[in-house]
Amino acid sequence: MEFSPNTLELLYIVILSVLLGIEVISNVPAILHTPLMSGANAIHGVVIIGAIIVMGHAKSDDYVALTLGFLAVLLGTLNVVGGFVVTNRMLEMFKKKK
Amino acid sequence: MSSEILLQLSYLIGSITFILGLKMLSSADSARRGNLLAAAGMGIAIVGTIFFHKDSEGHAIGNLIWIFAAMLIGTVVGYLMAMRVKMTAMPQMVSFFNGMGGACAAIISIVELHSHDHSQASPWYMLIIYLGLIIGTVSFSGSVIAYGKLDEKIKDINSKALTYINLLLLALVFGVLGVTVFSPATISADMALWLLLGLSTLYGVLFVMPIGGADMPVVISLLNSFTGMAAAFGGFMYNNPVMLTGGILVGSAGTILTVLMCTAMNRSLLNVIIGSFGGGGSAAGGGAKGDQTVREITLTDTAILCAYASKVSIVPGYGLAVAQAQHICHEFEKNLVERGVEVNYAIHPVAGRMPGHMNVLLAEADVPYPMLVEMEDVNPNLPNTDVVIIVGANDVVNPAAENDPSSPIYGMPVIKVWEAKTVIVLKRSMRAGYAGIENELFFHPKTKMLFGDAKDTLTKLVGELKGI
Chain H
1 MEFSPNTLEL
11 LYIVILSVLL
21 GIEVISNVPA
31 ILHTPLMSGA
41 NAIHGVVIIG
51 AIIVMGHAKS
61 DDYVALTLGF
71 LAVLLGTLNV
81 VGGFVVTNRM
91 LEMFKKKK
Chain E
1 MSSEILLQLS
11 YLIGSITFIL
21 GLKMLSSADS
31 ARRGNLLAAA
41 GMGIAIVGTI
51 FFHKDSEGHA
61 IGNLIWIFAA
71 MLIGTVVGYL
81 MAMRVKMTAM
91 PQMVSFFNGM
101 GGACAAIISI
111 VELHSHDHSQ
121 ASPWYMLIIY
131 LGLIIGTVSF
141 SGSVIAYGKL
151 DEKIKDINSK
161 ALTYINLLLL
171 ALVFGVLGVT
181 VFSPATISAD
191 MALWLLLGLS
201 TLYGVLFVMP
211 IGGADMPVVI
221 SLLNSFTGMA
231 AAFGGFMYNN
241 PVMLTGGILV
251 GSAGTILTVL
261 MCTAMNRSLL
271 NVIIGSFGGG
281 GSAAGGGAKG
291 DQTVREITLT
301 DTAILCAYAS
311 KVSIVPGYGL
321 AVAQAQHICH
331 EFEKNLVERG
341 VEVNYAIHPV
351 AGRMPGHMNV
361 LLAEADVPYP
371 MLVEMEDVNP
381 NLPNTDVVII
391 VGANDVVNPA
401 AENDPSSPIY
411 GMPVIKVWEA
421 KTVIVLKRSM
431 RAGYAGIENE
441 LFFHPKTKML
451 FGDAKDTLTK
461 LVGELKGI
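Line order of the protein sequences matches chains H and E. If you read the first sequence in my numbering, its first letter stands for residue 1, the second for the next number, and so on. If you read the second sequence in my numbering, its first letter stands for residue 1, the second for the next number, and so on.
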């Protein structure tokens, strides 16, 4: 990828996402800091998509790439699944107010 | 529809659910749905990638068996870990999963460097790959250390020298990065990879090492936003919008959250990172002023005092969680309420190990949500509270934060329990709190100590109450 108009397009996404992130988080009560951090933690597990791409396009005789790719997909899945499940467990407890 | 459109559509859905999910996570009523929504979006983006992604030469995703195998293992292990972890160990768990994400980002960069010839690539592209590697690695090694420290497997190392070593390491990382990217002829690609990998790992370790226990949540939040940024660099690398939005969103939201947490503790981020809870010696020395007496109280007296009080406030801390005493504490409080005593829980924003951690723990024990009162609302009412019962809290009720400028926690807002009529402290021993500082509250004329394991003591108290 060269630094091109396309890159600038990506920069739009970056800037808008930064502002959105700030906007979305402001005014969060302290009580929710932990679940929110945990939820955000699960969302950055989106890095697993990169791992799938790397693994999916690795040459079948390139064992270094295959091994590392396998590891990356595994760790990424841990991040995604573990992150969402832990967050859900935390929030489940808030819900139980009878 | 062409597969490219389906792929982009799945990414669009993913991005939108991340934004909405995060927004919903920041209010109590919608939080759970927000989390599930983001999870669903993630699933769609992953499925979209597996079935519709094509590289620049039009090859579809291969090695599917291996991908599914890795995902299956990751799902089973991740699910079991997340379901089995005790609520008290939640902060470590978050830190662990965060580290896995960081490692994932770093490995992507390594494979990318390994599998393709980059001699013709632009410095811009190389910069992105290496930044993904560096930030991912720092996040990984830092999270592992944070995990170890919260799990009390790794001890703090306090040294002024570390601050300088860290600055030097950081300079080295950027130096090597600069040379590698802008003058690739001077350094071999392998050499650059190993150097950056080693330096970043070391930096992550040493950066978290000196940070005091009470500041750990801030560090986890910061590392969380690092991993977000690492994921975003992956998005740049593959021109992948969902990785970019997801990563950046977490990166910026995580940074703001970190700042908010610092504000809750009245500390600046820089203060947390550089001026870590240092000078353990001077802090410990501050408490030993002359011969201070500790007043003990018996179980029976405590029970009577509480039963005939009109207003009781319970201040829970991490000690309550460690003793697994949240359920019996709820029982104790229920008994008092039945007697017509007005009871509430005074929750310090950083009680437990993370902001909001205590709320999660008490919610687990079915304590009604309205009984949890935040610090700002508790403090004005303390002078007309008859009894304050402190269960396993320490630093968050330390008067030194108000009146001892030499104390490391000076300036942190605390629950001013000493303004109440009587303070009863349930504590195992006279040991210092998590931040490692003495607490003069224990010697305060209004304070009475009730030594013992929190769960044990509360169980006996409930028994005493039933006898009255």
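These are computed hints drawn from the structure, not numbers from a lab. Hints are supplied without guarantee of correctness; some may be wrong.
Below 20 angstroms or equal to it, Euclidean Cα-Cα: the simulated EDC-like pairs (lysine to aspartate or glutamate) are [as the list claims (entries may be wrong)]:
1. K59(H) to E57(E)
2. K86(E) to E9(H)
3. K59(H) to D151(E)
4. K23(E) to E23(H)
5. K455(E) to E296(E)
6. K59(H) to E331(E)
7. K23(E) to D61(H)
8. K455(E) to E331(E)
9. K466(E) to E374(E)
10. K416(E) to E331(E)
11. K460(E) to E331(E)
Now the hints, each set against the structure:
For the given pair, K59(H) sits about 14 angstroms from E57(E) by alpha-carbon distance, which is consistent with the 20 angstroms threshold. Between K86(E) and E9(H), the direct Cα distance comes to roughly 44 angstroms. Violation of the 20 angstroms bound is thereby established for this hinted pair. Taking the CA atoms of K59(H) and D151(E), the gap is about 41 angstroms. The hint is violated against a cut of 20 angstroms. Between K23(E) and E23(H) the alpha-carbon distance is near 9 angstroms, which keeps this suggested pair within the 20 angstroms criterion.
Between K455(E) and E296(E), the direct Cα distance comes to roughly 18 angstroms. Compliance with the 20 angstroms bound is thereby established for this hinted pair. Pair hint K59(H) plus E331(E) does not hold up; C-alpha atoms about 62 angstroms apart against a cutoff of 20 angstroms. Distance restraint check for K23(E) and D61(H): the Cα-Cα separation of roughly 45 angstroms exceeds the 20 angstroms cut-off, and the hinted pair is therefore not satisfied. For the hint pairing K455(E) with E331(E), the CA-to-CA distance comes to about 11 angstroms; that is within 20 angstroms, so the pair holds.
The straight-line distance between the Cα atoms of K466(E) and E374(E) is roughly 30 angstroms, outside the 20 angstroms bound, and the hint therefore fails. For the hint linking K416(E) to E331(E), the alpha-carbon distance of about 25 angstroms lies beyond 20 angstroms, and the restraint is violated. In summary, the hint linking K460(E) to E331(E) is supported, as the alpha carbons are separated by about 11 angstroms, within the 20 angstroms threshold.
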